[in-house]
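Student: In case you want the letters, here they are:
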Amino acid sequence: MNEYSTQASQSLTSNPVDEAAICALFEQLVNSWNQGAGDAYGELFEEDADYVAFDGSHTKGRAAIAIQHQQLFDTFLRGTRLKGQIDSMQFLSPDVALIHTTGGTLMSWQSDASIPGRKSIQTLVARKRDGKWYFVAFHNTRIRPMDIETIASGMTNLLWQKLRPSR
Amino acid sequence: MTPTITQMSFSLIGVAVSTTLLPTLQSPAVATIPNQCLQHDQHHNPTGATMTCRALTSTQQQDTAAIRQVVQKMQDGQNTQNGAQFASAFALEHDYIVINGTFIPNYTREANARTHQELYDGDRQSSLGGNLNQVGILLDVAKIRFLTPEIAVVHLKSQSYLTTRPDKKLEGIITTVMQKREDNWQIVAFHNAPLLEGENGRGWINLLQQ
Chain P
1 MNEYSTQASQ SLTSNPVDEA AICALFEQLV NSWNQGAGDA YGELFEEDAD YVAFDGSHTK
61 GRAAIAIQHQ QLFDTFLRGT RLKGQIDSMQ FLSPDVALIH TTGGTLMSWQ SDASIPGRKS
121 IQTLVARKRD GKWYFVAFHN TRIRPMDIET IASGMTNLLW QKLRPSR
Chain X
1 MTPTITQMSF SLIGVAVSTT LLPTLQSPAV ATIPNQCLQH DQHHNPTGAT MTCRALTSTQ
61 QQDTAAIRQV VQKMQDGQNT QNGAQFASAF ALEHDYIVIN GTFIPNYTRE ANARTHQELY
121 DGDRQSSLGG NLNQVGILLD VAKIRFLTPE IAVVHLKSQS YLTTRPDKKL EGIITTVMQK
181 REDNWQIVAF HNAPLLEGEN GRGWINLLQQ
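Order-wise, the sequence lines are chains P and X. Sequential numbering from 1 applies to the first sequence in the working numbering. Sequential numbering from 1 applies to the second sequence in the working numbering.
It is worth saying that the hints were derived from the structure and are not from the lab. Among the hints, erroneous ones may be present.
Example chain P residues on the side facing chain X (calculated, C-beta under 7 angstroms, incomplete) [to be verified]:
| hint | residue |
| --- | --- |
| 1 | G56 |
| 2 | S88 |
| 3 | M107 |
| 4 | T123 |
| 5 | K128 |
As the structure is a computational prediction, the values presented were derived from the model and not from experiment. Glycine included, C-beta positions come from ideal geometry on N, C-alpha and C.
Modelling step: build the complete structure from the supplied sequences, incorporating the hints.
Tutor: Structure, rendered in structure tokens:
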């Protein structure tokens, strides 16, 4: 089963029921992925949700999120399993929560005990409507375990190479 | 001041942050949100709805303008190398995800300001090509979505470029969550990421795999 935990700290206006509901929502996200169920995945998002994938592409709306993920589950993500955990949860209001999660995918040939090779971090926003929590925003980014200064100087260097005035 | 190891690491994080967030004064952030009522206020009788709608639209326009100002503060702070001004866009405590995925939870506004100021005042000659003064960024408010009258998800598009060649840019996308606290809109969560599609993405990928 999915391994996830919650360390809900710094909660401004939270209660155990809502925290549990959001944990369950995230568990459903993982389960839907692992079952390759695009519709079930999309159902966890609000009608007008914003979804930014690892490549920076911005998908708008539940229907588009569901279709896109079904296509991915049938192709590139076929047989992959998601491992994720909730790292922080903060209630901005009784009905809006800010959540950070980390996780990665396992390929079909890897066991559940394997550690995902590429880890990612997500910012999620959830909102409660009519007593039910949905995700309204999702942003996923690969974590690149490298010296941060390398990126900074590399970025400047790349810009310099690309943008240097022609001789 | 002799920086501690912790401060050093923050400072290094700031290098990456600022490299992708240097602003430009001549390009103010532009919101594209249409003027419309909040969804949950559309259920009243026609007369009441109209009045409610007008009032909300006016308030929402003010909030939209205020949110754009928050983005502008970030840009101006970077552009004038003013760490305090940059950090003034953020809540007293906020979550910050750097472009390489580094997560800084509960980042204080003061630490954010100090980090950026150290960066602005630091040795800019250490990079192999050009320096931070030559990198600018254009922040564009791509979408504002109000979850409540006081909480919004705001997506920004960033474009980094050398000021000597503003025609060529590397693009990024930023998700922010903003909240109106004590009558001021503030960034409570900031998630910066490269746009990896197409030609732009190849530039980023080459860079990030170095």
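Student: Each of the hints needs a verdict: does it hold here or not?
Tutor: Quick rundown of the hints versus the structure:
Taking 7 angstroms as the C-beta contact cut-off toward chain X, the hint placing G56(P) at the interface holds, the least distance being around 4 angstroms. Annotation: interface hint on S88(P) holds; nearest CB of chain X at approximately 6 angstroms, less than 7 angstroms. With its C-beta approaching chain X no nearer than about 20 angstroms, M107(P) sits outside the 7 angstroms limit, and its interface hint is violated. Because the beta carbon of T123(P) sits about 4 angstroms from the nearest beta carbon in chain X, less than 7 angstroms, this interface hint is met.
Annotation: K128(P) was flagged as interfacial toward chain X, and the flag is violated, the nearest CB pair being 10 angstroms apart, outside 7 angstroms.
Taken one by one, the earlier hints fail for this structure at numbers 3 and 5, listed in ascending order.
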